[in-house]
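Taken in order, these protein sequences are the chains called A and B. Residue numbers for the first sequence follow this note's numbering, beginning at 7 and rising by one. Residue numbers for the second sequence follow this note's numbering, beginning at 16 and rising by one.
Just so you know, these hints were derived from the structure itself, not from any lab. Among the hints, a few may not be true.
To be verified - Label pairs and their in silico Cβ distance ranges:
hint, chain 1, residue 1, chain 2, residue 2, range
1, A, D17, B, A76, 20 to 28 Å
2, A, G21, B, G75, 18 to 26 Å
3, B, L90, A, G29, 24 to 32 Å
4, A, E100, B, S113, 52 to 60 Å
5, A, I102, B, R42, 35 to 43 Å
No residue lacks a Cβ here, since even glycine has one placed at the ideal position from N, Cα and C.
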Amino acid sequence: MSEAADPALLDAVVGGALILVSGLCVLCSYRVISGPTNPDRVVALDAIATNVVAIAVLFAIQTDRGLFITVSLVLAIIGFIATVAAAKFITDGEVIDEP
Amino acid sequence: MIRTGLTIALIVVGVFFLTVGTIGMLRLPNVYNRMHATSKPTTLGTAAIFFAGFAHFGPGAEGLTALIGIVFLFLTVPTGAHMIARAAEQIGIPFEGSVTWPDASAVDRSDRAERAERTEKSDD
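The shape of chain A in the complex, shown without the other chains:
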């Protein structure tokens, strides 16, 4: 147990996870660019937003700075608002209804 869980292994795992999740964001951008319909693009952007939340938490663990947990929370809020606004734009053609 003691050799399986030393901080050097944690650094390696967090670094590898950061690289892998960044690569997943690049793969998601394929669906953003070539998605056949607009809801496909919104789904892919939503997946990218959630991946960026995960990247912020991983960065907080890597640098040992808890501030980035708060950053990830703010990113989650912004991603949710962006998804709702894009869904409303797809349906109605406008985000805020004019009276």
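Given chain A, work out where chain B should sit, using these hints.
The following block gives chain B in isolation, referenced to the frame of chain A:
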């Protein structure tokens, strides 16, 4: 030492779920299937990584922020996926193959007809 091992295990689980979600989004044939593939595994994966943050920082201020992030994620991701699915159905993207509504007469189509009228009117 146990805390470091727990953090490593949770990060591995989270990255696995994020990878599964992205592969599903790239491979599945339809908007609805892709949404099914992204929303659930991405939520689980990011929640596992938030738990890794909680395990790493301990139950202080930052750890509690991570727990709030998990609650927020479980509230917002299904809501967003539902809204995109509703928008995709309303602009008329067809279902895959033999998939239908359980009871087609129970679905209210009046708003779609209204919108079609409105777009026709705006085209004039």
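Q. Range hint 35 to 43 Å: satisfied by the CB atoms of A/I102 and B/R42?
A. Check passed, 36 Å falls within 35 to 43 Å.
**Q.** Range hint compliance [Cβ, A/G21 to B/G75, 18 to 26 Å]
**A.** Given about 24 Å between the Cβ atoms, the range holds.
Q) Could one say that the CB atoms of A/D17 and B/A76 fall in the range 20 to 28 Å? A) holds (23 Å)
Q) At the C-beta level, are B/L90 and A/G29 separated by a distance inside 24 to 32 Å? A) About 28 Å separates the Cβ atoms of B/L90 and A/G29, which means 24 to 32 Å holds.
Q. Using the C-beta atoms of A/E100 and B/S113, is the stated range 52 to 60 Å upheld?
A. Because 35 Å falls outside the window, the suggested range is violated.
In this structure, the one hint that does not hold is number 4.
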